[in-house]
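Since the structure of chain A is provided, determine the placement of chain B on it from the hints.
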Amino acid sequence: MKMNKLISQFFVLSLLFLASCSSDDDGGSNPEESKGAYDNGILISGEGSGAGTGSISYVSDDLTISENLIYKKVNSTELGVYVQSVAFDDDSAFIIVDNANTITVVDRYTFEYEGEISTGLSTPRFMVVDGDTGYVTNWGDPSNDSDDFIAVVNLNSNAVVETIPVGNGPERIVENNGKLYVSHKGAYSTNNIISVIDTDDDSVEEITVKDNPDELFINSVGDLMVLSEGNTIYDADWNVVGQTAASISTIDTSSNAVVEELVFADGNSPSLMVLDGSTVYFALNNEIYAMNESASNLPSASLLEAEGFMYAFAVDSDRIYATDTSFSDVSKLNIYDLDTQEKLDTKEVALGAAKIYFN
Amino acid sequence: MKKENLFLVIVCFTFFNGFAQHDSLVNHLDQVIIQADYRLKEHSVGYKVTRLNDSILLKNTESFSALMRFNSPLYVKEYGAGGTSSVSFRGTSATNTAVVWNGININAVNNGQTDFNALTVSLFDAIDIRSGGGSLEYGSGAIGGTVHLNDYLQFSEKERITNQFVASVGSFETYNGLYKINVSNAKFALNAGLNYVQSENDYPWNDGDLYNYNGAYQNLAFNVNAAFLLNTYSKLKLYSANYLGERFFSGELPNPFSANDKYNDFSFRNLLIYTHDKGKIYQEAKLAFISDEYRYFENEAVDYYDYGKSKRYIANYNISYQWPQLNASISSYSEYESTFGNTNKILEKNRKQFSQSFIFEQKIGSIFDYNAKVRKDFNSDYEVPFTYALGMKLHLNNGFFFRANGSKNYRVPTYNDLYWPGQGNLDLIPETAWQADVGIGFKNNLFNVDIGAFYIDASDKIVWTPNGDLNKPNVWVPINLDDVDNKGVELVLSYNNCFNKHHIHVDVNYSYTESINQETGKQVIFVPKHLLKGSLGYTYGRFSLYYQQLVTGKVYTTESNSEDFIVPQHAVANVGLDFRLFNTKNNQCTLGVKVNNVFDEYYVVQPRRPMPNRNFNFNINYKF
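So the protein lines, in turn, are chains A and B.
The first sequence begins at 1 in my numbering and counts up by one.
The second sequence begins at 1 in my numbering and counts up by one.
Next up, chain A with everything else stripped away, as it sits in the complex (with noise of 0.2 angstroms):
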């Protein structure tokens, strides 16, 4: 079937907390606050396969309630394949399916359906949200290095009412002081720039990092910080022969001067980027890393290895939340305690779960 997108899929692997989460107070200790039956605990975002739809399993803080399929059960309908994100504002989601070219919109606590955005979308990926306008980055034809854009969207009439060019790849994207911070890892072949978008007059301007950036978010003193993950070199048999070099990048964003680089090791590969306060972590070979935002070197201990197949992470103030993520299953999330490295419990969620939401 679809095999060769299907295998590029695999190897996209990537998770982003995107900036716009607010509920920061962790424990959901006020029920009487509650907004919804998903309020007050965590969100996981399965892209799904050919084995079944891609999904939202909701996890409550305390961690006593555990639910797959969660807009299939209010809205009995299935999402489709493949979820790529979860974009939020104060009140809604917006459920990203890249090859349904569909953005579907619920309420973020209930989850009851409240509208869609299909049209003028063409493999869409990450989205941010700003007041009433969502920007959306979308690969256009994969195959095609030029056609690859921003979508902004009026969220009021859910219409596509502008598009905004840029180069080839656009991944993560996130809105800070009226401009847009868009990675490009390059879609199905390679990229090495940030966009850095003026919403006031759609001018772009580029930053070069390292080969393949995907996570990105501001940091707690201002900074952009973009983790590169470098890009596989194959030779004419497609056999791999090596990787170019990986990195954490800072980015002073008045100036958009790269003014810190950490430089992976040869042939590393991170992934995973998040922020949790002022400390970054990132994944290596399966294992998690932590360090200060301001370091000058990269760590060279991990904090945590994780089990199976850890295709996304999250951190907040006391736990860690790792998938074990299976494509052709229910995927397991597992919650450690971010002190001790304990761990706390395991939930079955999404099949394909890739990306973890605080709600």
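Errors might be hidden in some of the hints.
Some chain A residues close to chain B (C-beta under 10 angstroms, calculated; not the full set) [said to hold, decoys possible]:
| no. | residue |
| --- | --- |
| 1 | 104 |
| 2 | 208 |
| 3 | 346 |
| 4 | 348 |
I should point out that these hints are in silico values taken from the structure, not numbers from a laboratory.
Here the structure is a predicted model, which means the values were calculated and not measured.
Note that beta-carbon positions come from the ideal geometry of N, C-alpha and C, so glycine has one too.
Just chain B now, kept in the frame of chain A:
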């Protein structure tokens, strides 16, 4: 003693007659039918073979998948009507089902499967479906069973020319046109046929606005087969089957309109056979050239595609010796094959294989037939296991019989398994499977019953899995992983009777299958436990009415058999009415109408891909 005549009298075939079988084989009892694949008819003792003759093929011209779904004992997995499609026997998989064209295994080199929507079969004279392992005769992939596409040629005393024209118009702008010509005399026989199919295939889905977007297909098939009687003892036969297809791959729920991919395939299959049959010795030499190509356009609007190509050269020599004193025969088959395959991401690879097999067959009295077979392959890429098979059939009194067979079979890794860029695994070994199959049955003029049980023990099954290679974390690679045991029971029943001018025909085919992964103890994905197919035919004078029913049990789509991820059970039925406009010796014409999915059942065979709702097909079949 003529081998060609044996085919008509072999009793071990379980015919699945369909409804209007009167016009196919029975008329030609005096004719000499020439088949390319002499092993199927000679060496199937103890196996269950189901035949779909040309009258069934021409009534089910929508697609090969639809034909198999309603008329064979197999499970059909189709990505929406007209999309990628595969079939499986007895809880095995698409790669464990060999498709055999006139004796040659034509599963694709790249993925080891045959796409049942990339093959038109209306031009073939019969399809035989043999349940049970057949690696001994047909090599890799013949584990669950084999599907045989056969052409028949016949010489005739008098010079004869017959033409056949079949046309159908169906819902969703589906058109099918077929023309066949047979020319024969005492020394020459020719069959040629042309078939064109096109369909918009844009059937509505359950709720109003959605439909099977981007599902259109068209294809052209062109076959030419000829036989020459060179002298009393020798014949030359030539077979050529060519196919050009274009399909768009339809979308799925929730937004079918995002689909924009397209698939083209081309195949050219050519076979030359020389036979020499004198006294006790029969010899046969074959040369075959088969080429396949696919092009996959991820975006149909862009002229960029992924492709795969393969070329296969096969040379084969058979000799068999009849042993009249023992009422036995011994045969030797030697075959050499050189295969070249490449894709846009795999440089051309050449695989060479030599195989040698021996088959001993004996009849003891009129009640007991058996055969014993062995085969050894020598392959340039890996070790192929030594294989063997035994088959027997005991004819008891009063039409009762007992049949049994057992064999060891294999499936070699495909080019994708071995060479997929960055993921292929050169350390793979062939999958192997033991299988055994026993059945008892009864046959008389009215009834034909076969009740059987099977067991397949498959090891080292090739599974693509993440982290299969510890040196490549997070990368999906194929490894020899699963051990699976399949067991089940099968029932075939047919009943034919005439009351005055009323002819009644009933067919029932039921199977219960457990396919258990030995590590997890769970049912293998996409294997229905229950599969029931039935049909009822009634003919009175010029009218024939028929009803087909399919019930496919629930399948799991995850290894853990999660109830959250299933394809629910579905029951679908078709009805049809044929009217024989005229029927003289030289002119026959039938008009037909068929209502598919007559109860308008909403169903899927793949998640989120609804199948066609109620739809109609009108056809005309004119023979002159």
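Let me make sure I understand: some of the numbered hints might not hold for this structure. Which ones are they, in numerical order?
2 and 3
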